[in-house]
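*Asks:* All chains should be built: construct the whole structure from the sequences, respecting the hints.
Just so you know, the protein sequences line up as chains A and B, in that order.
Residue 170 in our numbering sits at position 170 of the first sequence, with consecutive numbering throughout.
Basically our numbering = 1-based index in the second sequence + 1000.
Please keep in mind that the hints were generated in silico from the structure rather than gathered at the bench.
Model, not experiment: these values are computed from the prediction.
Even for Gly, the Cβ is constructed at its ideal location relative to N, Cα and C.
Be careful, since some hints might not be right.
Said to hold, decoys possible - Rough simulated footprint, nothing fancy, chain B against chain A, three-plus residues with beta-carbon under 8 Å: (1) 34-47; (2) 63-76; (3) 83-90.
Claimed, not checked - What follows is a list of derived Cβ distance ranges for each label pair: (4) B/Leu1029 / A/Glu173: 17 to 23 Å; (5) B/Tyr1208 / A/Phe122: 35 to 41 Å; (6) B/Ser1220 / A/Ile25: 46 to 52 Å; (7) A/Phe46 / B/Ile1042: 18 to 24 Å; (8) B/Ser1067 / A/Ile25: 23 to 29 Å.
Each chain, letter by letter, is given below.
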Amino acid sequence: MSTTTQERYSKSDELERSRSRPRTIIGTLLTILAFILLGIALLPLFLVIIYVIIRGASRFDLNLFTEIPPAALQEGGGIASAIVGTIILVAIASVISIPIGVLAAVYLSEFSSGRIARWIRFATNVLSGVPSIIIGIFAYGVVVLSTGTFSAVAGGFALAILMLPVVVRTTDESLQIVPQEVRWASVGVGASDFHTVLLIVLPAALPAILTGTTLAVARAAGETAPLIFTALFTRYWPSGLFQPIPSLSVLVYNYAAVPYENQQELAWAASLILVLLILLTSIISRWATGKSTY
Amino acid sequence: MTAALGDSQADNAKRSSTEKNLDNSFIWLTRIFAIGVAGVLIWIAVQVGIQSRRAIQEFGWSFWTNSAWNPVEQQYGVLPMIYGTIVSSLIALLIAFPIGVACAIVLSENFLPLSVRRTLIFMVELLAAIPSVVYGLWGIYVLIPFLKPIGSWLHDNFGWIPLFATPYAGPGMLPAGLILSIMILPILTAIARDSLASLPSDLRTGSYAVGSTRWQTIFSVLIPAAFSGIVGGTMLALGRALGETMAVTLVIGNSNELQLSVLAPANTIASLLANQFAEAKGLQEDSLMYAGLILFAITLVVNILAEAIVQKVKKY
Chain A
1 MSTTTQERYS KSDELERSRS RPRTIIGTLL TILAFILLGI ALLPLFLVII
51 YVIIRGASRF DLNLFTEIPP AALQEGGGIA SAIVGTIILV AIASVISIPI
101 GVLAAVYLSE FSSGRIARWI RFATNVLSGV PSIIIGIFAY GVVVLSTGTF
151 SAVAGGFALA ILMLPVVVRT TDESLQIVPQ EVRWASVGVG ASDFHTVLLI
201 VLPAALPAIL TGTTLAVARA AGETAPLIFT ALFTRYWPSG LFQPIPSLSV
251 LVYNYAAVPY ENQQELAWAA SLILVLLILL TSIISRWATG KSTY
Chain B
1001 MTAALGDSQA DNAKRSSTEK NLDNSFIWLT RIFAIGVAGV LIWIAVQVGI
1051 QSRRAIQEFG WSFWTNSAWN PVEQQYGVLP MIYGTIVSSL IALLIAFPIG
1101 VACAIVLSEN FLPLSVRRTL IFMVELLAAI PSVVYGLWGI YVLIPFLKPI
1151 GSWLHDNFGW IPLFATPYAG PGMLPAGLIL SIMILPILTA IARDSLASLP
1201 SDLRTGSYAV GSTRWQTIFS VLIPAAFSGI VGGTMLALGR ALGETMAVTL
1251 VIGNSNELQL SVLAPANTIA SLLANQFAEA KGLQEDSLMY AGLILFAITL
1301 VVNILAEAIV QKVKKY
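*Replies:* This is the structure:
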């Protein structure tokens, strides 16, 4: 027994990792394979961004931002009405979802008992997994059928439902990383719950809430499925909250598969705007959260 | 965390009644909104259920097994769309699972310095941020032409397999599955990475101590330990794939005929809705609602199971 051990240690190279042993080679091959798969995973990101820039940039001029979309065989035109429409839709969605979402998150993180909070968080997560097209049907039933018309309000309502779980989750997470001492200090000097939450805890979490909400808004701007049968589409300038309204994402969908090159080019240009919006907000929010104190 | 604020109510004998009322009504307001957010889920279920009641009465269970979708003859069935929904999602999972797990391993192990990994994690997350309709546009003009030689080769050499029995038609199940795999990859990677990264470090050091290599450790210790998290992430990804609409509807070809071949045009429930809902009237609209209810029910079951698994994993 002892001799074999001796023999083993006498071969000094046994302690070094031999490059030619099968397990080393297999390990190296698996490492290479894993990195290749990571490369394959990221490839579409670059391909999509590059294609959208190449195809969309050709129409990136002043007309794009000042003119309305052209009819089928018309030349020129822009996507100005769709940009305004998207802003209106997202504004309606934010006005509905942000106050409700933030207050709901305040309850979850500040006032609730563990069990109720767990159930509500669970339901919120499931809600964020509901397909966006189902949210569209729901908004159609709730708003379009009861008001009798496709409208900006219906589209905004659909986007609000979509944003709601995201706002709740980001606010909930932001509030939870506010140190407990901040709350104790506030309560300790005699502040009420109402004051503590509104003047101390929420302001402390505000940067994180803002970045999370901005991301939610940017994502909502790119949503199409909930809009195609709630907000519908028109080429013209938005004419009222209870009228159909154009949006960038539905414009991309409608013009993607048409045989007219002019409209296809505008679809790419609208995609470029949506992709830039997403990239900018994501990068800025990453930069901002990386720097925040809490 | 919650106790501190709750207890403060106990010793507020000296507080004015307005302040107490303000506090109480504020807490009640937040409580109502929080319960309301959860209630939205029930509201959606009830609303979509009510909207589809006429079609349920008309067709009942035969709606699930009928493969005709014919607005002219008022014949409606969603078998081809259920098939398309499931098969396109399975293709997506088949591609995204190995890639997603590989990404999760690279991004949770210390192959690369942390700062590089953070950037890569951010880039994988960006994949999920690109709007679905943009993927669809890209799919039509880039992916479908790119897949043409591959699809033709599959048909020429493996045409005897029913899956490749038809010539490459352009729009169809294969490009739809591929696009879906790109879109579900981030959520699969994120959950798998979380569950790998949250494993106690004793597991890793223990395995190294008995002489395992890094990859032996990954395969025989780390992945089995993180298995339920990886399954949960995969199911969440499946839920997303089943309900994904815009990218799919632009590249799947929207054919309501049931075909086994993945090279042929097909349809999913979500893209059926996207295509027909805005113009539908009467029984067709009711049938679309019913189709929507089926999709909602399927994704709800998948998502509830997935969330239950993921939450359980997070406890450790």
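*Asks:* Taking a Cβ-to-Cβ distance below 8 Å as contact, does the segment 34-47 of chain A have at least three residues touching chain B?
*Replies:* holds (count 10)
*Asks:* Just to make sure I understand the rule, a stretch counts as covered if three or more of its residues have a C-beta closer than 8 Å to a C-beta of the chain. Does the segment 83-90 of chain A meet that for chain B?
*Replies:* With 0 residues in contact (Cβ-Cβ under 8 Å with chain B), the coverage given for the segment 83-90 of chain A is violated.
*Asks:* Are at least 3 residues of the segment 63-76 of chain A within less than 8 Å of chain B when you compare beta carbons?
*Replies:* violated (count 0)
*Asks:* Are A/Phe46 and B/Ile1042 spaced within 18 to 24 Å by their CB atoms?
*Replies:* The hinted range 18 to 24 Å is violated for A/Phe46 and B/Ile1042, with Cβ atoms some 42 Å apart.
*Asks:* Does the beta carbon distance between B/Leu1029 and A/Glu173 stay inside 17 to 23 Å, or does it fall outside?
*Replies:* Cβ of B/Leu1029 to Cβ of A/Glu173: about 21 Å, so the range 17 to 23 Å holds.
*Asks:* Does the Cβ pair B/Ser1220, A/Ile25 satisfy 46 to 52 Å?
*Replies:* Given a distance of about 18 Å, which is not inside 46 to 52 Å, the answer is violated.
*Asks:* Taking the beta carbons of B/Ser1067 and A/Ile25, is their distance inside 23 to 29 Å?
*Replies:* The hinted range 23 to 29 Å is violated for B/Ser1067 and A/Ile25, with Cβ atoms some 52 Å apart.
*Asks:* Does the Cβ-Cβ separation between B/Tyr1208 and A/Phe122 fall within 35 to 41 Å?
*Replies:* holds, 37 Å
When each numbered hint is compared with the structure, violations occur for hints 2, 3, 6, 7, 8.
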